[in-house]
Amino acid sequence: MSGAPLGIGIATAYLSIIVLIPLALVVSKSTEGGWDTFWNAISSPQATSTLKLTVTCSLIVVAVNIVMGTVIAWVLVRDEFRGKALVNSLIDLPFALPTIVAGLTLLALYGPKCPFGINAAYTKAGLVMALLFVTLPFVVRAVQPVLMELDKDMEEASESLGASKFTTFRRIVLPNLRPAILAGAGLAFARAMGEFGAVVLISGNIPFETQVSSVFIFSQVESNNLVAAAAISVVLLVVALVVLVLISLLSRWAARHEL
Amino acid sequence: MSSNVGAIPRIGAKPKRRRARRRLNAPRVIGLTYLGLLLAAPVAMIMYRTFEDGITPVIDSLTTAEAQHALWLTFLMVIIAVPLNTIFGVVMALLLVRKRWPGKWVMNALIDLPFAVSPVIVGLALILAYGNNASIGGWLVDHGIEVIFTPVGMVLATIFVSLPFVVREVIPVLKEIGTEQEEASETLGANSWQTFWKVTLPAIRWGVAYGVVLTMARALGEFGAVSVVSGKLSGQTETLTLRVDERFEHFDMIGAYSASMVLAVMALATLLAMNIFKKEDS
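Going down the list, the protein sequences come from chains A and B.
Okay, so the first sequence: first residue is 769 according to my numbering, each after it adds one.
Okay, so the second sequence: first residue is 3 according to my numbering, each after it adds one.
Hints may contain errors.
Below, in silico cross-link-like pairs of lysine to any residue (SDA-like), each with a Cα-Cα straight-line distance of 25 Å or less [as the list claims (entries may be wrong)]:
| # | chain 1 | residue 1 | chain 2 | residue 2 |
| --- | --- | --- | --- | --- |
| 1 | B | K281 | B | R207 |
| 2 | A | K820 | B | L115 |
| 3 | B | K281 | A | K820 |
| 4 | A | K852 | B | V45 |
If you're looking for bench data, these hints aren't it; they were derived computationally from the structure.
With the sequences and hints as input, model every part of the structure.
Below is the structure:
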């Protein structure tokens, strides 16, 4: 078809103007002052503390999501109870709800006016909770279709041979779910690393306490410290990229060794 | 009859134990409790807090000039970003699935970039490209177009973050329908434009619709990227999400809750549409 080169040209230009050129400029800005400036920006005590907190929280969030996401997917596929359809559509709520509203929603219950006396505002616990809220659907929605397709024959054979429910799950079901769980976990990690809207209200932005990297970058941009903001952005992107590659390697390795 | 059966201990005990086990369904209890504490309870609470003092303060807060402007600006973001990303998404999906060209695999990887980048970094990237002191931005300012701290930059940010949805939804559908019908149409003498409108587009319509809904949800709700480039001028460069933040900072909780409610209603409509399109798709 004759229209293809024109289409490729226009689509590439669109992507370049909006995404590629601006992102390339972040990388080039980060090295504008040379390697020393870059290193100083990312090794300042405040920057390292935000990076450490961001990675730690993201890892906690991924661990919880792996367990709870699998449990919820299991319940939605294998369990029967009234209101299951409603629960199933509720899972997508964190994707549909704007992140700033998600943060405010959590604060409405677990904030200073909490009726049970749980005040998670300005704490690391609140931070983790906000990240759990926005990353909830990733593992659930990755595992659910695989679980639906899974044949029950092997599980029934395992149970009739005397294996307990948990053993059957661990030895028969889990190996089949592992790639999907890891894929969901990877997406959740990337999202947690960069999340801004949901954490900005609940974290309170206290340096060395609850300030994550995205909020730190925001404050650097506001004080017109663009080189430092770009440097930390590059680190954040690299960490997210490395973890995504590691996870895909891990899932390939696990598949090869039939773990 | 049941009392007769109950008189024999062995048979009577068995169903009882089974019933007890069914009641103690650990995954269900754990899963639903988690969802209740993380999702349902906070959502119920924010609804209660919004309407605690009745509906009048909510209406008052939503009918201020600033709130109306924020609502209008949010719609503006959607009206511009969604059609552009839909056209781009369908064209790009067709190019990636149906055509061979050099650099295709690079493009396929690059499309997902907006999903991997923090919204704050999106904002920073746009400032570095289109800020008044930046290379492209400076040239644009010389030609009378200011991008950063204006709605133009906010639209760019919205397009950036919602760009991959339609492409990603349409690609699998295109792969699944195959090329047979398109080839038949062309053999019968239709040109490629007619084939697209009469054969391809009807076949992928639910994929497109689902992608459009996801794009819309993201465009309505984007906060981080828009916030960085907006300059946060109340009544000028403030969308609904930015207004939630601004009202919260001013300790106007009813204002923050009311704007949130409007966004939440839109989110619920999105969720409903997602479920409808998912059913149509399968």
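How the hints compare with the structure:
no.: 1; hint: B/K281 - B/R207; result: holds (13 Å)
no.: 2; hint: A/K820 - B/L115; result: holds (24 Å)
no.: 3; hint: B/K281 - A/K820; result: violated (43 Å)
no.: 4; hint: A/K852 - B/V45; result: holds (18 Å)
Hint 3 alone, counting from the list given before, is not met by this structure.
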